[in-house]
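**Student:** Below are the chains, spelled out letter by letter.
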Amino acid sequence: MLAALSVANLKSFVRDRAALFWTLAFPVVFVILFGTIFSGSSPQYELGWVDQDGGATAKALREAFVANAPIELTDGTFEESKSRMLSGDVDGILVIPKGLQAVIDASATGQHPDPVEITVITDPSRSNTSLALQQIAAGLVMAANLHLSGTAPLLTVRPDSLQTNQLNNVSYFVPSILAMALMQLGVFASIPLVQQREKLILKRLNATPLPRWAFVGSNVAVRLVIAAVQTALILGIGVVLLHVQIQGDPLLIAGVVLIGALTFTSIGYVIASFARTEEAANGITSVVQFPLMFLSGIFFPLEILPTWLKTIATAMPLTYLGDALRQTMVGGAPFVPLWVDFAVLAGWLVVTLGISARFFRWQ
Amino acid sequence: MLGRARDEAVIVVEDVYKAYGDVKAVDGVSFQVAKGEIFGLLGPNGAGKTTTMEMIEGLHAPDAGELRVLDMDVRRSATAIKSRVGVQLQTAALYPQLTVTELLSLFATFYTRRRPIDQLLEDLELGEKRDAQTKNLSGGQRQRLSVALALVNDPEVVFLDEPTTGLDPAARQGLWNVVRRMKGEGRTILMTTHYMEEAEALCDRLAIMDHGRILDSGTVDELIGRRFRERGVHFGRAGAPSKDKLEALPAVSRVVYEEDEVVLYTSDVPATIGALLELTGRARTEPADLMIRRASLEDVFLELTGRALRD
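Same order as they appear, the protein sequences are chains B and X. Those letters in the first sequence? Residues 1 to 363, per the working numbering, in order. Those letters in the second sequence? Residues 1001 to 1311, per the working numbering, in order.
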C-alpha cells in the first residue's frame, strides 16, 4: 500500500515534465553554469610587450615573463600597444627602454650605471588587474636583478594551498547548489499537495481506509528518492566535470542530505497548509525560496554580509544545510560545528511538522 | 419504509445537522436505507444532498446527530466502514498522470478485499482505455472510471454522488445499467441526483431534499399518491367545450388551462373521458391529442417547494 502509493507518486512525478525539469535539470544546468564561470582557475592576463632595446637581456626577460606568470604577451611598438590597450585587447603594457643591454654590459665590466626603468602601464580603474600586473612585473624584475647580479636567492616563496580552509569557488558552490536543490525539492513538495487537494484527490483518498501516515509517508519517500537522485547528479557533475574533490564520510553526507530533504519537505507541507489554490502555492513557494536562497550564505560567505543581513541569515535553515554539506563534502571551514547544523535543521523540522500537523487540511 | 426494523437498515441517519458559518447545509435530516435497495436523495444543487452523503462517508463530521453504516458508528469506526463501502465523489478525483489500470491497481492496494481489475474494466467498458492516462479520458469515461474505483473493494454499500451529471443520454443509460447491476449483485446504493427521470428509473425509495431538509420520502408511487390522487386528462385547447360544460363533467375537480392544452383533474378517468367524448360527439368534433397523465415527481417537487426543480 505504502509502496504502491509511492510508486504511483513517483510515476506521476516522472511523467510531469515540468516537475522533472525544475527538480533535476535545473540544478544540473546551474552547477554546470556556475562551474564553468568560476572554474577559470587563475586569471590570464594579456600584455603589450614593447621592446625598444632589442638586446639579449630583453629577450630573456620576455621568456621569463611568459614562463612564470599567467601572462600572454603581444609584441608591438609603444603606439600599437597603447591603441590595443585602449581598445581593450590587452590589460597593460610593459616597456623595455632602449639602452637596457648597454647598462647590463656596463655592469658586467664592474661599472655602476644608473638603473634602467622598466615601465608597467596599467589601468588603475581596474584595481585587481592593475595591482596583479604591477606585482607580477616587480617580482620578475626583482628575480632578474638577483640573477644578473649573480647573487643566489636566500629566501623564496613556495606557493601552496590548504584545500580545507580556503575553498576554491567551485568547491564552495557545488555543496551550495546541492543545498539549493534540496531546498527547492522540499518547498516545491507543496505544489503537488495543493494540486491533489484542489483536484479532490486527497478527499477521494480520505474516503478509502488508507491511513494518513501512509499518504504522508509515501510522499516523503518519493521526495527522498528524488533527493538521492539530485545528490548523485550534482556530485557526479562536480566530481567528473568540475574536478571537485569529495572527501567526507558518505554516510555522514547521506545523513545531512536526509535531514535537509526532510526539513525542507516539512516546510513544503507548511506552505501547503496555508495555500488554498495552486496559484497561491506557487506564489508562496517563490516568496519563501528566494530569501531562503539569497539570505542564507550558500552563495557567498556570511562574513561578507552586513550585520543585519547576517542576523537574518543566521536564522535561515538553508545556511545550516549549506554549512553542513560544505563541511562534510569538501571540508569547508565550519560556520558552526556540524552538530549545531543538525540541531538547527532538526529544530526547524520539528516546528514545521507541528505547524503542518495543526493546520494541514485534506479538503 | 418508515416502519422498517432498524436492524435491517444498512445506513441510519438520525437528526443530523451541519452548518458552515451561517449556512445550515444540513438542517435535521433523518432516513434509513435497507439492505439491497437503491435510495436516492433528490433535490436541486445546494439542497444539502452531497453534504449529507459525505457525512455518511465519514468525510465531514456532523455538528449533531447519529450516523451509522453497516451497524457501525461513522465517527468511531470510520476506517472499518471505509474498507467495506465504495465512494464515487461528484467531481471525479484522479491522478492525471496515471493510467486507468495503474489507478485501479493503486486503489486496490488500499483494501484487503479486492475485485479483479479486468472484471472492473469489462463491467465499466474501460477495456480499450486501460493504458490511457486518466487526463486523456472523456467525461463519460472518467465518470465510469470513478465508479469503477468505487467498486475495487467489492463494497457492500456504494455511494454515488450525481453519477450521471454532464453525461449524454446514451452514456447516462449505460451508467444506469451499471447501477442496476450493482443492485443485482446485492449491494446497497445511496445516490444523489437532481434528475427526476434518474430518480424514477433507478431508485426504490427516495427522499426529496431542499434547503438542508427532507421534505418527504418514500417510493415514487407513494410520493405521488400522497398528494395527487387524481389524474390529468389533457387535450388540445382549440375547439374545446366551454369551461362550465367541462366543470360539469363527472368526477372532475378542477379545470386548468395551460398554454395550448386543457387539463381536467379527475378521480375517475373512464367516467370523465366517456362524458367528454359524448360532449364533443354532440358537437361533431373530438378532443385533439387526448392524453391521460398521472402526476410526476416534478409535480411533487413543485407542490412541495412551490418551484420547479430544473431552474
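Do not rely on the hints blindly, as some may be mistaken.
Below, simulated BS3-like cross-link-like pairs (lysine-lysine); rule was C-alpha separation at most 25 Å, straight line [unchecked claim]:
hint : chain 1 : residue 1 : chain 2 : residue 2
1    : X       : K1024     : B       : K11
2    : X       : K1245     : B       : K203
3    : X       : K1245     : B       : K199
4    : B       : K98       : B       : K82
5    : B       : K203      : X       : K1024
To be clear, the hints were calculated from the coordinates, so they are not data collected in a lab.
**Student:** Take a quick look at whether K1245 of chain X and K199 of chain B sit within 25 Å of each other, Cα to Cα.
**Tutor:** violated, 62 Å
**Student:** Are the Cα positions of K1024 of chain X and K11 of chain B separated by 25 Å at most?
**Tutor:** Roughly 42 Å between the alpha carbons, so the hint for K1024 of chain X and K11 of chain B is violated.
**Student:** Is the straight-line distance between the alpha-carbon of K98 of chain B and that of K82 of chain B 25 Å or less?
**Tutor:** With Cα atoms ~18 Å apart, K98 of chain B and K82 of chain B stay inside 25 Å; holds.
**Student:** K1245 of chain X and K203 of chain B: Cα distance at most 25 Å?
**Tutor:** violated, 63 Å
**Student:** Could you grab the alpha-carbon distance between K203 of chain B and K1024 of chain X and see if it respects the 25 Å cut-off?
**Tutor:** It holds: about 22 Å lies between the C-alpha atoms, which stays within 25 Å.
Of the numbered hints stated above, those contradicted by the structure are hints 1, 2, 3, listed in ascending order.
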